[in-house]
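Spelled out, the chains give:
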Amino acid sequence: MPISDFLKEILLIQSVSGDESLVAEWVVNYVTQRKSNWKVAPEVYHGEEFHDCILLRFGNPRTAVFAHMDTIGFMVRYANQLVPVGGPELISGTRLVGKDCFGEISCKLVVEGDELFHDFPRKIERGTRLSFEQDIRVDSEFIQAAYLDNRLGMYPALKLCETLEDGWVVFTTYEEHGGGSMPFLLPFIQKTAPIKQALISDITWITDGVHHHQGVVVSIRDKFIPRKKFIDRIIQLAQQSEIPVQLEVEGYGGSDGREVQFSPYALDWCFIGAAEDHVHSPDEKVSLKDLDNMVNLYEYLLKAL
Amino acid sequence: MPISDFLKEILLIQSVSGDESLVAEWVVNYVTQRKSNWKVAPEVYHGEEFHDCILLRFGNPRTAVFAHMDTIGFMVRYANQLVPVGGPELISGTRLVGKDCFGEISCKLVVEGDELFHDFPRKIERGTRLSFEQDIRVDSEFIQAAYLDNRLGMYPALKLCETLEDGWVVFTTYEEHGGGSMPFLLPFIQKTAPIKQALISDITWITDGVHHHQGVVVSIRDKFIPRKKFIDRIIQLAQQSEIPVQLEVEGYGGSDGREVQFSPYALDWCFIGAAEDHVHSPDEKVSLKDLDNMVNLYEYLLKAL
Amino acid sequence: MPISDFLKEILLIQSVSGDESLVAEWVVNYVTQRKSNWKVAPEVYHGEEFHDCILLRFGNPRTAVFAHMDTIGFMVRYANQLVPVGGPELISGTRLVGKDCFGEISCKLVVEGDELFHDFPRKIERGTRLSFEQDIRVDSEFIQAAYLDNRLGMYPALKLCETLEDGWVVFTTYEEHGGGSMPFLLPFIQKTAPIKQALISDITWITDGVHHHQGVVVSIRDKFIPRKKFIDRIIQLAQQSEIPVQLEVEGYGGSDGREVQFSPYALDWCFIGAAEDHVHSPDEKVSLKDLDNMVNLYEYLLKAL
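Chains as they are written, first to last, in our numbering: chain A, 4 to 308; chain B, 4 to 308; chain C, 4 to 308.
Chain A extracted, bound-state conformation (with noise of 0.2 Å):
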């Protein structure tokens, strides 16, 4: 599977929950650029009205699709402390990258005990996110590097815009440190062009019951538990579609399906996504015929359901 060039590009902006805007930035130039070319030209809402989040609309959705931009990384306090922003993997010595007033930075994470600290030589301006320094590893069986989580499930969501005719494909924020775009998010969509459905576009991890190389996941719970009415119909759609499919049953982590769940519509929610190794670290790993399979899926998906 060759991986198409934009997905490099979203691999090296940085973008640590709450600092969402050159991503946003990039993807509203992708889709301007692109959607004049694509099956159907979505319209495209954006801008301080939805904080750094877009929506693409496809003719008459049915189902929406949801892809956060966010990724995990690090907040410098004071006196060289560090406070995570989500749950970043703690590996002293790993190499975080940034910017200040001063200017770039480039450093290493210490870790001592509960607390953190960064080993910059000149102080860094408190509020100032660090993230994971980037490395690109891509072989003919697997991609592996930083921000996978999410960058590869918004990878998916860009590349079914191609072929798209009715849906909705919407990025978010803040989802790895809580959430906060969904609630405001869904009553826009429910009020433009309401949906009774909602994947997840997102990456999970490498479990006991789930491989590389075996099929994109389609969770049944993590966290939280979806209708098992909407799972099953998944199922038996992802069955006929002949795309390979692994079955997670979690009972820890959670996503943009969560904001889904406790929202004021009666929507049904799925996460679907390639597993990941050695998550929320520089090198987590993902393998490109899962990557391929979610691709697939997703598009089968917007057809059938």
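It cannot be assumed that every hint is accurate.
Which copy is meant is left open, because identical chains are indistinguishable; a pair holds if it fits in one copy or across any two.
[Said to hold, decoys possible] Derived BS3-like pairs: lysine-lysine, alpha-carbon spacing no greater than 25 Å straight-line:
id, residue 1, residue 2
1, Lys288, Lys226
2, Lys306, Lys38
3, Lys226, Lys126
4, Lys226, Lys111
5, Lys292, Lys306
6, Lys288, Lys11
7, Lys102, Lys226
8, Lys232, Lys102
9, Lys126, Lys232
10, Lys194, Lys38
11, Lys126, Lys111
Read the hints as simulated data drawn from the structure, not as lab findings.
Starting from the structure of chain A, add chains B and C where the hints point.
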């Protein structure tokens, strides 16, 4: 107190959170068959638009009664693993039942440290829900069975329908696993026939200060705290009614009341329900006298409030 | 800085979460008596429709200021047990006061391991709220008392009313115990005179990086993370104002800002407030200079934003 036959019927239906369709179907049939004999025939709202919830509107409501229809249980993972749904008591050897595409399942719960397994000889489909095998025991003083939480909350709600003139009676889903139906039910109620107060018909715990046969429990607080003014009014009315009542003050636990508290409406709420021993086990045990008090207090309050 | 008399008045009112009616009544009376002398007389919204909250609308609002009126405390259980309301400091021997149907209560907090008791010789009615005995200490540098959190957040909000031309000033309830009033206040605000930004007038903590007399705190994050663009703008305006400001970066703690973050509106928010020592104890201590900076910064920002 003679137990109505319909209580035994609903005690025999499985409805682990997210899979409430069978009990919902039962409620719709029950209501359809009986409603013309009730004092007021309610407007019935149900179907896909409401997922598996059911709303009954009687007259001009001031108050809504909420009773959840789901129960705790387990979900099958892989390699014989189980993941809890809600917070079931974890006792090795407890008998579990369910059904998958290969047929009926009856097995035992195996607890090994933090991990849960089943001992069923064949593989069970991923995502299959299991719940406690039912064993209903009734004597002159007590009812003991699985699923009393919340079949005994549904029971007073259904009895109330026989005489109710003004009010909503609402059957909800997902409550045992974080909720998610209240947020879409409340806007529907507020748009259709708005209320200012909500009563939660659910089952609580025997504690140091709450005992069998001493009356239905009015909860002053659990993990969450309803507004004092409303609780004071409930307590005053309960005293006027001369129905035996026990006041609970807890630091833990939640109910559908939580989602009323955090809803976009200024609604008062109160949890009112009998207390049980052996919570979330196959041996939940409730005093028939307390249950009778519960039935009577709901009837009294829906008139008086 | 001379402290207005009204601060002492509100410090003497008890208002444990869920029982805010007395302080709410005080605010309504205060506003009613003073508003004709203010630059702009606000529209006042209060009463049962808003539970015990109060909303003041001045002119054409762009920004809302939220100050919670409740305090932490304790609730009486049974057998002399107490359950915390919010997160009070648990120091054996602390003097607690309250009132039930039998009369006034003054007793001591008894801490035994994880369990809390009172030592009042007679039985106290279940559900009675107790809070720290008040002891107000003011010198030239500091104010020290119980309930500074959040009487010192109400104080700048009320001072602001004297000069405010455009904005909402809103007094909220339940904040110390998980919230629940913001979700119904925000829709009312957005329907009546919508805003794009919210400031949280509340009290924070002295930490390694935040000290007395160094300025009012602008919080870049607590447990939750507001949008960077908005925080950057606040910091820039604070610098222009030349009012001393300290920037906080915390991993813990929450405020009414949490419910703005998770609201169904794309609202930016920022917590701005003086820092205190001895948090949630009877000895909360705040620099008068920091409080003065807080008053001035709110006045400046409500014009500039």
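Taking the hints in turn, this is what the structure says about them:
In this assembly of identical chains, lysine 288 and lysine 226 lie within 25 Å of each other by CA distance solely inside one copy; the values are 23 Å within and 29 Å between copies. For the homomeric pair lysine 306 and lysine 38, the shortest alpha-carbon distance inside one copy (19 Å) is at most 25 Å, but the shortest distance between copies (42 Å) is not. For the homomeric pair lysine 226 and lysine 126, the shortest alpha-carbon distance between copies (23 Å) is at most 25 Å, but the shortest distance inside one copy (39 Å) is not. In the homo-oligomer, the alpha carbons of lysine 226 and lysine 111 lie at most 25 Å apart only across protomers (24 Å), although the nearest pairing inside one protomer, at 33 Å, exceeds that limit.
Proximity of lysine 292 and lysine 306 under a CA criterion of 25 Å is satisfied intra-copy only: 22 Å inside one chain copy versus 56 Å between copies. With identical chains, the CA atoms of lysine 288 and lysine 11 are at most 25 Å apart within one copy only, with a shortest distance of 14 Å there and 53 Å across copies. Taking the shortest Cα distances, lysine 102 and lysine 226 sit within 25 Å of each other only across copies (23 Å), while inside one copy they are farther apart (35 Å). Taking the shortest alpha-carbon separations for lysine 232 and lysine 102, only the inter-copy value of 15 Å comes in at or below 25 Å, while the best intra-copy value is 47 Å.
In this assembly of identical chains, the alpha carbons of lysine 126 and lysine 232 lie at most 25 Å apart only when taken from different copies (22 Å versus 55 Å within one copy). In the homo-oligomer, the alpha carbons of lysine 194 and lysine 38 lie at most 25 Å apart inside one protomer (24 Å), although the nearest pairing across protomers, at 35 Å, exceeds that limit. Taking the shortest Cα distances, lysine 126 and lysine 111 sit within 25 Å of each other inside one copy (14 Å), while across copies they are farther apart (47 Å).
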